[in-house]
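J.: Residue strings, one per chain:
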Amino acid sequence: NAGVMQNPRHLVRRRGQEARLRCSPMKGHSHVYWYRQLPEEGLKFMVYLQKENIIDESGMPKERFSAEFPKEGPSILRIQQVVRGDSAAYFCASSPGPPNTGELFFGEGSRLTVL
Amino acid sequence: KQEVTQIPAALSVPEGENLVLNCSFTDSAIYNLQWFRQDPGKGLTSLLLIQSSQREQTSGRLNASLDKSSGRSTLYIAASQPGDSATYLCAVKAGNMLTFGGGTRLMVKP
Chain A
1 NAGVMQNPRH LVRRRGQEAR LRCSPMKGHS HVYWYRQLPE EGLKFMVYLQ
51 KENIIDESGM PKERFSAEFP KEGPSILRIQ QVVRGDSAAY FCASSPGPPN
101 TGELFFGEGS RLTVL
Chain B
1 KQEVTQIPAA LSVPEGENLV LNCSFTDSAI YNLQWFRQDP GKGLTSLLLI
51 QSSQREQTSG RLNASLDKSS GRSTLYIAAS QPGDSATYLC AVKAGNMLTF
101 GGGTRLMVKP
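Chains as they are written, first to last, in this note's numbering: chain A, 1 to 115; chain B, 1 to 110.
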């Protein structure tokens, strides 16, 4: 059973470009979470999704950031018109059930560098 | 708003020592608490999960305890090894999210 798969592992973008980060949860997991780790800071919650639904996006910046988890395919975190402050490691996690059950399993992260 | 604090922020010990990492949280209404390990440039590896109804969990040389009423958890590492060098993160789950502490950077010297 493969773990949580994230790609790309490293992404370089120039200011103003778009970044798309992908996350395939563990097999059988229908709950996906995105977290961001800014340089020298802790991990912060961004968004929680189930298949085709955004459940909680209270940690998402109000502009330029969006997330989806379609019926088929991976979850996508999309950052439009990137700025230098978006440079960070973005981690995806999945779980088989809702938040009040079980543990989260994290991927290796996607490291975004904005030039 | 849940806040998680880890003490110490950094720790350097000689190989073979037993050590304790501390985690405290402000809101005791949690589902569970997880301890993770993060190596530089890598993802998070789950070490131990303690449900809110449990007091402790053990895995190999690791033992984690949870005192929900006082908002504290400790991670005990026995007979530390250089391979244990990493950042250790404590996270509590409440609502839809995990709230992470700032981590303890551990260096075990040969």
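Hints in this document: simulated from the structure, not taken from any laboratory. Note that the Cβ used here is the ideal one computed from N, Cα and C, for glycine as well. Be aware that one or more of the hints could be misleading.
Claimed, not checked - Heads up, incomplete: computed chain A residues facing chain B, CB under 8 angstroms, no partners named:
#1 Y48
#2 I54
#3 I55
#4 P61
#5 F65
#6 P99
#7 N100
#8 E103
#9 F105
#10 F106
What the hints assert, rightly or not - Distance condition first, Cα-Cα at most 25 angstroms in a straight line; then the derived DSS-like pairs of lysine-lysine:
#11 K71(A) to K51(A)
#12 K51(A) to K62(A)
#13 K27(A) to K51(A)
#14 K1(B) to K62(A)
#15 K27(A) to K1(B)
#16 K1(B) to K109(B)
#17 K44(A) to K109(B)
#18 K27(A) to K62(A)
#19 K44(A) to K62(A)
#20 K109(B) to K42(B)
#21 K27(A) to K68(B)
#22 K68(B) to K51(A)
J.: Each of the hints needs a verdict: does it hold here or not?
T.: Now for the hints, and whether the structure bears them out:
About 5 angstroms separates the beta-carbon of Y48(A) from the nearest beta-carbon of chain B, less than 8 angstroms, and the hint is met. Given the 8 angstroms rule on beta carbons, the hint for I54(A) is violated: about 11 angstroms separates it from the nearest Cβ of chain B. At a threshold of 8 angstroms, the smallest CB-CB gap from I55(A) to chain B is about 6 angstroms, leaving the interface hint in force. Of the supplied interface hints, the one on P61(A) is violated, with its beta-carbon coming no nearer than about 16 angstroms to a beta-carbon of chain B, more than 8 angstroms.
Below 8 angstroms, beta-carbon pairs count as interface contacts, and F65(A) has none with chain B, the closest being about 16 angstroms; its hint is therefore violated. Interface hint status for P99(A): upheld, as the beta-carbon distance to the closest one in chain B is roughly 5 angstroms, under 8 angstroms. Checking N100(A) against chain B: minimum C-beta separation of about 5 angstroms stays under 8 angstroms; hint holds. The interface hint given for E103(A) is met, as the beta carbon of that residue sits about 4 angstroms from the closest beta carbon of chain B, less than 8 angstroms.
A least Cβ separation of about 7 angstroms between F105(A) and chain B falls short of the 8 angstroms threshold, and the interface hint therefore holds. For the restraint placing F106(A) at the interface with chain B, the shortest Cβ-Cβ distance is roughly 4 angstroms, inside the 8 angstroms limit, so the hint holds. A hinted pair counts as satisfied when its Cα atoms are at most 25 angstroms apart, and K71(A) with K51(A) qualifies at roughly 6 angstroms. The straight-line distance between the Cα atoms of K51(A) and K62(A) is roughly 22 angstroms, inside the 25 angstroms bound, and the hint therefore holds.
Between K27(A) and K51(A), the direct Cα distance comes to roughly 13 angstroms. Compliance with the 25 angstroms bound is thereby established for this hinted pair. Annotation: proposed proximity of K1(B) to K62(A) holds, straight-line Cα distance about 20 angstroms (limit 25 angstroms). With a C-alpha separation of about 33 angstroms, the suggested pairing of K27(A) with K1(B) is violated against the 25 angstroms cut-off. The suggested pairing of K1(B) with K109(B) is violated, with an alpha-carbon distance near 38 angstroms, which exceeds 25 angstroms.
A C-alpha spacing of about 31 angstroms is found between K44(A) and K109(B), which places the hinted pair above 25 angstroms, so the restraint is violated. Distance hint between K27(A) and K62(A) is unfulfilled; the C-alpha atoms sit about 31 angstroms from each other, more than 25 angstroms. For the hint linking K44(A) to K62(A), the alpha-carbon distance of about 15 angstroms falls within 25 angstroms, and the restraint holds. Taking the CA atoms of K109(B) and K42(B), the gap is near 21 angstroms; set against the 25 angstroms cutoff, the hint holds.
Taken as a hint, the K27(A) and K68(B) pair is broken in the structure, with Cα atoms around 32 angstroms apart against an allowance of 25 angstroms. Taking the CA atoms of K68(B) and K51(A), the gap is about 32 angstroms. The hint is violated against a cut of 25 angstroms.
Checked against the numbered hints above, the structure violates hints 2, 4, 5, 15, 16, 17, 18, 21 and 22; every other hint is satisfied.
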